[in-house]
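Throw the hints in and build the complete structure from the sequences for me.
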Amino acid sequence: MKTQNSYKTKQAKEKAFLVGASVKNYDVYMSIDDSLSELAFLAETAGVEVVGSETQILTRPNPATYIGSGKVEEIKLLAESLKTDIVIFDTELSARNFRELEKSFGDHMRVIDRTTLILDIFGLHAQTSEGKLQVELAQYEYLLPRLTRAWSHLARQAGGGGGRTGSSGGVGLRGPGETQLEVDRRKINMKISQLKKELEKVRKHRQLHRKNRKLSQLPIVSLVGYTNTGKSTLLNLLTNADVLTANRLFATLDPTTRRLELPSGNTVLLTDTVGFIQKLPTHLIAAFRATLEEISEADLLLHVIDINHQNSIAQYRSVVNTLNEIGAGNIPVLTVLNKIDKSEDHKEIKDTFPEYENGSLISALNNIGIDHLLSEIDQSLFEKFTKITAKIPYSNGKLIALFHQFGKVEKVEHGVGSVVLTGSIPGRMIADFERFQKPKK
Numbered sequence: 030m031k032t033q034n035s036y037k038t039k040q041a042k043e044k045a046f047l048v049g050a051s052v053k054n055y056d057v058y059m060s061i062d063d064s065l066s067e068l069a070f071l072a073e074t075a076g077v078e079v080v081g082s083e084t085q086i087l088t089r090p091n092p093a094t095y096i097g098s099g100k101v102e103e104i105k106l107l108a109e110s111l112k113t114d115i116v117i118f119d120t121e122l123s124a125r126n127f128r129e130l131e132k133s134f135g136d137h138m139r140v141i142d143r144t145t146l147i148l149d150i151f152g153l154h155a156q157t158s159e160g161k162l163q164v165e166l167a168q169y170e171y172l173l174p175r176l177t178r179a180w181s182h183l184a185r186q187a188g189g190g191g192g193r194t195g196s197s198g199g200v201g202l203r204g205p206g207e208t209q210l211e212v213d214r215r216k217i218n219m220k221i222s223q224l225k226k227e228l229e230k231v232r233k234h235r236q237l238h239r240k241n242r243k244l245s246q247l248p249i250v251s252l253v254g255y256t257n258t259g260k261s262t263l264l265n266l267l268t269n270a271d272v273l274t275a276n277r278l279f280a281t282l283d284p285t286t287r288r289l290e291l292p293s294g295n296t297v298l299l300t301d302t303v304g305f306i307q308k309l310p311t312h313l314i315a316a317f318r319a320t321l322e323e324i325s326e327a328d329l330l331l332h333v334i335d336i337n338h339q340n341s342i343a344q345y346r347s348v349v350n351t352l353n354e355i356g357a358g359n360i361p362v363l364t365v366l367n368k369i370d371k372s373e374d375h376k377e378i379k380d381t382f383p384e385y386e387n388g389s390l391i392s393a394l395n396n397i398g399i400d401h402l403l404s405e406i407d408q409s410l411f412e413k414f415t416k417i418t419a420k421i422p423y424s425n426g427k428l429i430a431l432f433h434q435f436g437k438v439e440k441v442e443h444g445v446g447s448v449v450l451t452g453s454i455p456g457r458m459i460a461d462f463e464r465f466q467k468p469k470k
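Taking my numbering as reference, the numbering of the sequence shown is continuous, increasing by one, and the terminal residue is 470.
Hint data in this document are derived by calculation from the structure and do not stem from the laboratory.
Do not take every clue at face value.
DSS-like cross-link-like pairs, simulated, lysine-lysine; straight-line CA separation at most 27 Å [stated by the list, open to error]:
| hint | residue 1 | residue 2 |
| --- | --- | --- |
| 1 | K230 | K161 |
| 2 | K225 | K161 |
| 3 | K42 | K220 |
| 4 | K132 | K112 |
| 5 | K413 | K437 |
| 6 | K112 | K161 |
| 7 | K416 | K427 |
| 8 | K42 | K112 |
| 9 | K42 | K105 |
| 10 | K53 | K308 |
| 11 | K437 | K420 |
| 12 | K467 | K440 |
| 13 | K233 | K220 |
| 14 | K105 | K53 |
| 15 | K44 | K230 |
| 16 | K105 | K44 |
| 17 | K308 | K100 |
| 18 | K112 | K53 |
Here's what the structure looks like:
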């Protein structure tokens, strides 16, 4: 689905001018210049040529144009001199921002924001029907409150024909007193409702698959990390998978799960998931709920970091924040410091940041440090035990059986309707027993 501010063309690359704005006292992970560099990479991933950029430090955003009116005029003159087709803002703009900026820049230059850019990149890279559904839902939900003019292509896609001018096909047939904008909104709301129903079916299907995987009693390990840190390369190396790898943002969107046999002979399921990014659109997080649940259901997370990236610590913190947002903040994590083959000072980098202190140094591309990483996975899943006392109802026989099968039982106390088990269980299973734990005295 193309958006109001679609920037793709079948001819020559369109030219983009980037605008960055930093708001004082606003919590951000990257500097304004670094964030703008990332925006340029996003634009290049989308096939757009970046011809210039400008930044502004703000005490607070201008409610009309986000940046100051004087800066808008300055950027307009610069962009026109560079024959710019699109002005891309490194923030999420409101409907009013779009309207006012479009008036300022005129019809010959389109205005889009960071969220629109990311949504369109996801649209380009989605391969499976599930991925396409998720992206389409995120796009529609983002567009709905920002409907202004020239949304006929959206109405046609949502309604299956017709235009904005009153022609036949459904969209142009308005009720008494109903404006075309109201028709568009109604049609898009209907489309959103339809997409949510389809994705709920997908979610239930995924839940069934996860339940079956749990019954197989194979631990689940999820690869997480910032986009373009080498997660897919690591999955391919460990499991002989054939997941696409490329030096671009969001090269893969759809989760891939493969069996991985550890040196000890233990087997786990290894899942690669969509990469994160700072300012990840909330609509995408919501739309990719079914996919992100793959992460929240994992027994262990491998947080893959490009240790050579100048913003590696900012990327690390952005991922941790997103994990907390999706309810995966309490899952055990192994930090994996990737791409050590590209520099010689990675040990210094590791020593500089306490977050990396216990990280495993590897190169997924050159098969360096992999044996140590596999041993770390083995130890985390099968050797690290946690002391626990749990009062479990007899009706939950499967959980009682799991304790006996994988744990080390020290004491059993049978009571009315439940049994109290004291002993140690693998750290990966703590979440399963959490609600039955007896408080420590």
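Hint-by-hint comparison with the structure:
no. : hint           : in the structure
1   : K230 with K161 : 14 Å, holds
2   : K225 with K161 : 13 Å, holds
3   : K42 with K220  : 31 Å, violated
4   : K132 with K112 : 18 Å, holds
5   : K413 with K437 : 12 Å, holds
6   : K112 with K161 : 33 Å, violated
7   : K416 with K427 : 20 Å, holds
8   : K42 with K112  : 12 Å, holds
9   : K42 with K105  : 20 Å, holds
10  : K53 with K308  : 17 Å, holds
11  : K437 with K420 : 16 Å, holds
12  : K467 with K440 : 14 Å, holds
13  : K233 with K220 : 20 Å, holds
14  : K105 with K53  : 24 Å, holds
15  : K44 with K230  : 41 Å, violated
16  : K105 with K44  : 14 Å, holds
17  : K308 with K100 : 23 Å, holds
18  : K112 with K53  : 32 Å, violated
The structure fails to meet hints 3, 6, 15 and 18 from the earlier list, while all remaining hints are met.
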